[in-house]
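Residues 1 to 132 (the working numbering) are what the sequence shown spells out, left to right.
Where hints are given, some of them may not hold.
The list that follows gives simulated cross-link-like pairs (lysine-lysine, DSS-like), each with its CA atoms no further than 30 Å apart [to be verified]:
no.	residue 1	residue 2
1	K27	K76
2	K55	K35
3	K46	K35
4	K46	K76
Rather than coming from a laboratory, the hints here were simulated on the basis of the structure.
Every value quoted in this text rests on a predicted model; they were computed, and no experiment measured them.
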Amino acid sequence: DIVPIKATSAGAVSVDGTTITGTENIKFGDSSVMKDITTLGDSAKKNAPTIQDWKLSFDLFVQKADAGQVKLRAAKAADTRYVYVVTLASGMYYTCEGGYVESIDFDLASAEDHLKCSVTIASYGTAILTTT
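Using the sequences provided together with the hints, build the complete structure.
Below you can see the structure in the form of structure tokens.
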């Protein structure tokens, strides 16, 4: 019996306006790089936020003809920076103004008819949260 492939998990990812189907275990982190601003005489270490740093990773079931996955693989091969949109289960979403595919790691031990891989996207630009 063939197990049906899920279209998305609790959330979704699109690349350059095209939804990537077959995603699961989506993880998105939005953080600030902190700068030490402690001065002589301070009684505790002080940090201040400087620039934004975001990271996106997810697993997916490989589908050769899926338009989003095709664009993702092409972006990796050509080192192309794209806009990524991460939609949360609540309907809020992050628009990541630029990101590069840092890695695509295939799980060669997964079933032949359900090849899986893990993808990591590295930031190159801001990530803006939209709540409405």
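Do the hints match the structure? See the list:
For the proposed pair K27 and K76, the alpha carbon gap of about 19 Å is at most 30 Å, so the pair holds. For a cut-off of 30 Å, the pair hint linking K55 to K35 stands: about 19 Å separates their Cα positions. Restraint check for K46 and K35: satisfied, since their Cα atoms lie roughly 8 Å apart, inside the 30 Å limit. Pair hint K46 plus K76 does not hold up; C-alpha atoms about 39 Å apart against a cutoff of 30 Å.
In this structure, only the earlier hint numbered 4 is contradicted, and the remaining ones agree with it.
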